[in-house]
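Make one complex out of these two single chains by using the hints.
Sequences listed follow chains A and B, in order. Under the working numbering, the residue at position 202 of the first sequence is numbered 202, and the numbers go up by one with no gaps. Under the working numbering, the residue at position 81 of the second sequence is numbered 81, and the numbers go up by one with no gaps.
Because the hints were derived from the structure by calculation, they are not lab data. Be aware that one or more of the hints could be misleading.
Stated by the list, open to error - Straight line, CA to CA, 25 Å or less: simulated BS3-like cross-link-like pairs of lysine-lysine:
hint	chain 1	residue 1	chain 2	residue 2
1	B	Lys48	A	Lys233
2	A	Lys375	B	Lys144
3	B	Lys144	B	Lys102
4	A	Lys375	B	Lys102
These numbers were taken from a predicted model, which means no experiment stands behind them.
Chain by chain, the residues run as shown.
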Amino acid sequence: MRLRKPKKEWRHRKQRRVRITAMIRKELDWIVHDKISMFILFFLPIFLIISVGNVEFNIDSRAQDTVVYVIDLDSSEYSLDYIETIRGENFTFTVYDNHENPDLVTMENAEALIPTTELGAYLIIPSNFSETLLENQTAKIDLYIDGINTIEMLVIKYQFISANLLYQVEYQVFNSEVLYIPEYRPEIDRSILENAVPNMIPTILYAVSNMVACQAIVADDPLKRMLLSPTRKGEVIQAKTFAYIFFGALLSLVCMCVLTFGFGIYFISPLDTFLIFWMTTIFGVTFGLFFSSLASSRLQGAQLFLFSFIFQQMLVNNLRIEPIVNYMPIEVIRQNITDIVYRGIPFLSLGNQIALIAGMNLVALGAAWLSLSLKKEVA
Amino acid sequence: MGKKIRREVSNRLNQIVHSIKDTDVTIESKNKIQYSLDLRKVYAGYGKTTVLHDVTLQVEKGSIIAVIGNSGAGKTTGIRCMTAQIKAQKGSCVTAGYDVNKVPEEVQLRIGYVPQLEYLSLYYDFSALDNALFFGRNFGTPDKIIKKRCIEVMKTLGLTKKEFWTKPVKKLSGGEKKRVSIMIGLINNPEILFLDEPTTGLDPHLRIEVLNFLARINHKFKTTMVIVSHDLECVDYCNQVMVFAQGYMVDFGNPRKLTRSLPNSGKAITMRFHNLTPDEEQSIEKIPEVIYKLHVGRNTFKIFYENEASLSIIFSKLQELGLESNHYHSNCVFLDYFRVMSVYNYNKIVGQRKLEATKEEESK
Chain A
1 MRLRKPKKEW RHRKQRRVRI TAMIRKELDW IVHDKISMFI LFFLPIFLII
51 SVGNVEFNID SRAQDTVVYV IDLDSSEYSL DYIETIRGEN FTFTVYDNHE
101 NPDLVTMENA EALIPTTELG AYLIIPSNFS ETLLENQTAK IDLYIDGINT
151 IEMLVIKYQF ISANLLYQVE YQVFNSEVLY IPEYRPEIDR SILENAVPNM
201 IPTILYAVSN MVACQAIVAD DPLKRMLLSP TRKGEVIQAK TFAYIFFGAL
251 LSLVCMCVLT FGFGIYFISP LDTFLIFWMT TIFGVTFGLF FSSLASSRLQ
301 GAQLFLFSFI FQQMLVNNLR IEPIVNYMPI EVIRQNITDI VYRGIPFLSL
351 GNQIALIAGM NLVALGAAWL SLSLKKEVA
Chain B
1 MGKKIRREVS NRLNQIVHSI KDTDVTIESK NKIQYSLDLR KVYAGYGKTT
51 VLHDVTLQVE KGSIIAVIGN SGAGKTTGIR CMTAQIKAQK GSCVTAGYDV
101 NKVPEEVQLR IGYVPQLEYL SLYYDFSALD NALFFGRNFG TPDKIIKKRC
151 IEVMKTLGLT KKEFWTKPVK KLSGGEKKRV SIMIGLINNP EILFLDEPTT
201 GLDPHLRIEV LNFLARINHK FKTTMVIVSH DLECVDYCNQ VMVFAQGYMV
251 DFGNPRKLTR SLPNSGKAIT MRFHNLTPDE EQSIEKIPEV IYKLHVGRNT
301 FKIFYENEAS LSIIFSKLQE LGLESNHYHS NCVFLDYFRV MSVYNYNKIV
351 GQRKLEATKE EESK
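So that you can see chain B by itself, here it is in the shape it has in the complex (with noise of 0.2 Å):
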């Protein structure tokens, strides 16, 4: 089971830092390409305390992008730094084509930011067309072309009749507000739309409707959008994903091929047994063609597995330890790839990580 491990971190490893160095070449070559973020070896942090170490990453423009990650792994960080919030203590942010650290006007001139928060983001006793006006001159932008857009974007949000751009904020249900917000997040057309955890609190049905607007948003004015999330069904709208853990970006890449990545290009077995003791469960983990084991519910287990021949080895010996199931084949979904990363993976590629930078520290 250790040499797995070992085997599958150091896959990952190289996945990652080969991808790096084929963005580097691509840059190079390409130098007409236009990243909307462009970070190099970012540190970033809070007075002396770096929270975000050696991040590289470039996003396409019109991507949509989901940065994951627990709570305190430095999604928070990034995402101030990338907005030009804070600045990066070491390497390079790019964000729209403007450094964050030389002229962060430049950058909040091109970004939109929907915080998580409607109650502190907006002015609740004022209607979606008043608070559009409020931020939209921030920008320089006359109140002609806010009103334009406002009603424009609004439209697109689904919220069609005057009403909504009419009433006061207050008044609208939660689903609304939070349109709202995201109007006025790209009330200065902007080229990147940050979003802080936009479904966090609403409704399943909510949650879906709204990522439905974002993508609806992306394909219509072509911006590039940045989704801060703890809820992954979010990352099944996005082309890419980062993954952030203890302020190390663990994975970054397309969401299908990462899970594809997983063994048996991300096809699983899933089975219930029936009265399992955890004596017998750890039995199943040691079987050496498991190679990962997650619970889905109680006595239910997705097993990955290396082939089909792997397979029948693990049901003979689970015939032999006396273990009943009910099973069947599953597709693995993101959230299988994050949670087997997470619980087998992720620990160890950040202490990898740690142990380069600390070398490269000391060879500079």
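Bound-form chain A, shown alone (with noise of 0.2 Å):
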């Protein structure tokens, strides 16, 4: 039997760059062809991203137009005063009185229509309401709710705390209680998706890299067919690894940028707010595509996304055990986006921390490799 001299040409270097190129290449055109893949990675954090930077302005639509019934039975000029409080503009409320509307705003009305949708709340202001504000003793006021919308109850009840306490202080109808107004230094007004953006923003690049990763060798159906060319699987890791990687950069700007020019959040280092943004994606995509490695269908993926992402929230949000969630990349994230997004401090300070998310990301794609090749079926 006459064997042929092995020309070993697919092991040389260039070779091998030639196919993980080819591979990358072949990624990249993939995932921007996959509508569901491009929806996850980019629309879902942007949506995320635009909702909580609105949601100071529409939590108490769920209030608005919210009927109120004011029977003020003092006709006092505190009451008269507290009904103006209740009345503007930093409340949702259509408030109604009997001074101005006597046939409408009754008891007997009031209860009757409390039941039904016309009507959110009412209160009873005690003909007493002025004596005992000027005696300095606790007024108090009846309020009714009503009790069957409970996020509707819950917004009008705390609309109603705050209209307490402005009326307090802006017509000084306080005198033994003492008020804490706290101020901050320095003074900076943040907006709620500035105050979410260092929970917020890792949980959403870190998931979403996390998801589309999951899928990305299970749901690669010609990848076995692939894989009878010289191709092997370490260098498939390799380039799905880098193609991924690529797209979480991506990820990570537009995400900064929708931060920035939509809702004018400041960075004091932009480089090193994109560096961490980035390591949290490189973080979701090495385990990403680990678990689909031991995936053997796209449902076995996605569950294991899903049982990965609730365990990991559970462990670094409720359980916290120790040292465990010192050790978990997404702990030390967030415990660091914080200082590098609105301190500034430099993203390499994080020294050995972040040759601690290195270093699991490598394990994370050994593990992968190794589970890939134990694969009888690869897709």
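As structure tokens, this is what we get:
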């Protein structure tokens, strides 16, 4: 039997580079053409940022145009001021009182309409309201809120708490009570989105990059055929990692642009902010690839993502089991992201923590390679 | 009847053994002959389980080979071994001049593979040309050559319009997808193309069309083709056929020669009886001159006999039994051979092979 002499050209570094580059190009093309992946990667984070960015304007929309009847039995200057306060632009009530609408705002009408959708709440200002305030006593107002719609109920309740506080401050109707007015240094008037960035952005970036990477291998059906060429499994892992990391960088940049240009959020050091955002996506990608190499179907890939995400969130937010939680990359990122984003601490000053996350990424990739190598059926 | 079967089994075994011995002599004397496939006493399987036993065969360059057999016969394992997806547990498996156990990557550079299901082997959102680029680059082929090769093969496969190369694969018809898949298999200009069930799931006219295209490719590029199929119509296009049963290769040879090895050089008589009872059917089988009897329809049989003299005896015995029939002479096709062998002989051949293998093991 005559055998040919092996040329071993497939082993050459140049050939390997060609193959890996080809795989990366294929992967990039593939993700771009995959509408669902693009939706998850880019639309979801931007949608969430925009939603949270607009939260302060819309939080009370559930109690918009809530009709409130005020039955003023005191009819004093104090009670009229109180009615004016809750009519103010800070609150979303449509207020009717018994002075302007004596036929409409009656006790009988209020009691009859409260279980319906026509009336959100009614309050009774007692006849001794001004007298009690003048005596520096605690004035009691009877407030009845429609209890059927729970969310609306809570919004109305908190608006009335705010209204009371505002009334007390504006009209100086407190005496012995100590009013606690905090001040902040430096004086930063942060929006809800700005406050949410350190917690929300790492979670979103990790979740979407992990979710998409979880399908990278298991959903790549033609990969099995691709592996009949001299392409090795290690090269597949390398190529997919590079491709998804590239998308992670793109995603981090897009998020930063939306935050900066869409909502005016100022990052002291954009480069360091970008690096920590990117590191979060890399962590999502490497673990996603590991899950994808373990899974034997797309559904299993999605299940692994969901299970690991819920488990991680429980560990970081609720259970906080020491010392595991301190080694969780998402926790490390969360602990440091505020300092990097708002204090301008350099990314590289994290030192050991970066090394820890990089090490975990490498372990995840090694495990992905091992799992893929041991698999008989790839996709 | 039993003696006849034994004699037939013995003849077939001798043929196989002699063909193997002859081939060995040929290799040694004509050392320069390059075989596309050269398997010597190959055992293959998964882990400790051996699925394929003692396979020896040589396939010359440019041939078209059919690999047939029932489910679980070992066809897929055989192909996996030949394409270096799994290693041979024992023996030597040389594909395209390279040992699959020693240098699988060299083998993979020189083979093409067309899987059974297109949706698992092509990127549907991309055009045929993009798919060709994805797969071709993995062989280290420059883009320019891939494009040229893709267009050349697509044209040979009858997809001459540009839209076939540029349209997303998902918008192509079933037959067109299959041809794109074949094109991908040929993108690295392989010495051997392995096709897994290339005609399964296609309409009858498309099956023939695909087989014609394969023959055209074989003629133009001189690519050796190994076709794994359940459809025996592909055998018509093949120079040689390997038949697997229960993990053993029970037949290997030219399909026409194999068919002619049937009694009376493959000439039989087809008889359609009126109202045949099971007892009457058995009585036909008991006629000593009837060598084999195959069901080919309702109350219709293909009867194999030794020669014209025995045919007259069969007719007279049927008359004695009072069985009336319409009949016509027919030449057998490979399907008849396969059915005769699988119904009457394969299990016995496998038993014999197993016995031989055990004896060989013991003697070692």
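Structure-based check of each hint:
For the suggested pair B/Lys48 and A/Lys233, the alpha carbons sit about 24 Å apart, so the restraint of at most 25 Å is met. At most 25 Å may separate the alpha-carbon atoms for a hinted pair to count; A/Lys375 and B/Lys144 exceed this at roughly 35 Å. A distance of roughly 32 Å separates the Cα atoms of B/Lys144 and B/Lys102; the hinted pair therefore is violated under the 25 Å criterion. Between A/Lys375 and B/Lys102, the direct Cα distance comes to roughly 21 Å. Compliance with the 25 Å bound is thereby established for this hinted pair.
Figure legend: structure checked against the earlier numbered hints; hints not met, in rising order: 2, 3.
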